[in-house]
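**Q** Sequence:
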Amino acid sequence: MSETGSSLPETGPYTLAIDGMGGDGGPEVVVAGLAIAADRHPSARILLVGDEAKLSSLLARHPRAAAICTIRPAASSIPMDMKPTAALRVRDSSMRLAMDVVARGEAQGVVSAGNSGAMLALAKIVVKTLPGITRPAMAAISPTTRGDVVMLDLGANVSCDWRNLVEFAVMGEAFAKAVLGLPAPTIGLLNVGSEELKGDERLRQAAEVLRGSPLARQFHGFVEGHDITAGTTDVVVTDGFTGNVALKTGEGALKMAFTLLRQVFTANLLGRIGYLLVRPGLERMKEWLDPRRYNGAVFVGLNGVVVKSHGGTDAEGFAAAVDVAMDMVTHRFTDGIRERLAHMESLTSVKASPDQSQAVPAS
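Using the working numbering, the first residue of the sequence shown is number 1, and each one after it goes up by one.
Careful: at least some of the hints might be erroneous.
To be verified - Within a straight-line C-alpha distance of at most 27 Å, the following computed DSS-like cross-link-like pairs (lysine-lysine) qualify: (1) Lys83 x Lys124; (2) Lys83 x Lys248; (3) Lys248 x Lys124; (4) Lys128 x Lys198; (5) Lys83 x Lys128; (6) Lys83 x Lys54.
Since the hints were derived computationally from the structure, they do not count as laboratory data.
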């Protein structure tokens with residue numbers, strides 16, 4: 001539906017603004033994903049931004065999506081390989097106009113499967129960071145043996161100081177509350193060891209501040225790489241360089257495991273018989289570890305909900321990203337951050353005493 005021909009009210013606020021042109025699959029995947037999301041969120045009001053002719057044609061084939069969507073035309077889109085600085089100059093793109101909608105308060109959040117760098121740059125300039133937050137971070141959910149874990153930062157900030165890490169802890173705690181439904185999420189700082197003397201000065205300062213903060217009871221201390229998949233804490237905080245390496249390493253290990261299993265079960269007759277015996281369990285494991293279930297990285301610390309879907313996802317994965325955004329809107333994620341920011345002064349004004357000793361190397 002277009003705004004002029006929609007049966008929905010023309011005034012906001014819309015629940016979400018959706019970049020209809022982003023991602024490898026383009027509007028076909030976006031609209032198909034919205035059709036799935038419509039079953040889960042029938043009361044949502046979606047402002048779908050992009051090429052009006054293409055989106056209208058697709059909505060005609062997906063009546064469930066059409067029931068919750070209103071189209072806002074956009075003259076252009078951001079290519080996946082466009083540099084962020086160039087994307088900032090394209091003021092009539094579907095991604096930019098979707099961000100504008102959130103900045104003006106017409107919608108409570110935005111979802112795009114488009115260019116990650118462009119999306120972060122636009123979010124900073126258009127949606128803007130919350131007062132008291134120096135840098136937004138990228139957060140996402142990953143599976144563990146005990147449930148799910150929130151990790152941040154996953155690449156938005158390559159280097160961070162101790163204040164950034166404290167802010168990430170505050171934002172990660174609010175994210176885990178909103179999306180995982182945890183009343184008091186536990187928090188860990190990713191380090192080369194769990195002992196208090198491990199790591200560099202910024203990690204030790206961040207830990208000292210958190211131990212003296214309103215989050216003290218939820219702060220577990222330092223965690224190591226194996227603690228991520230073990231589910232030792234509900235939130236794992238680190239800088240964007242380390243977080244991105246950990247994320248990609250985990251994804252690679254998972255792909256390797258499934259490749260090796262496939263080789264084992266197809267190598268000979270005994271392997272194929274063995275597969276038939278364990279197939280039900282493997283199917284459950286595959287469903288549990290399906291990356292589409294965890295699609296939807298979030299730029300936290302902004303003055304609105306901003307969710308990045310993986311560019312190569314399918315309709316089910318895009319619907320999962322919409323689910324994440326809906327959870328954050330429904331549970332007032334941004335308001336939760338603001339409430340925690342009321343304590344930010346006490347969090348960051350605690351004088352973390354400089355430690356003149358050398359950082360203890362990883363064992």
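**Q** Verify the proposed pairing of Lys248 with Lys124, using a straight-line Cα cut of 27 Å.
**A** holds (25 Å)
**Q** Against the 27 Å threshold, does the CA-CA distance of Lys83 and Lys128 hold or violate the hint?
**A** holds (19 Å)
**Q** Quickly compare the C-alpha distance for Lys83 and Lys124 to 27 Å and report which way the hint goes.
**A** Holds - the C-alpha atoms of Lys124 and Lys83 are around 15 Å apart, at most 27 Å.
**Q** Holds or violated: Lys83 and Lys248, Cα atoms, limit 27 Å.
**A** holds (22 Å)
**Q** Would you mind confirming whether the straight-line C-alpha gap from Lys83 to Lys54 stays at or under 27 Å?
**A** holds (25 Å)
**Q** Does Lys128 pair with Lys198 here, judged by a C-alpha cut-off of 27 Å?
**A** violated (35 Å)
Consistency with the previously given hints fails for number 4 only.
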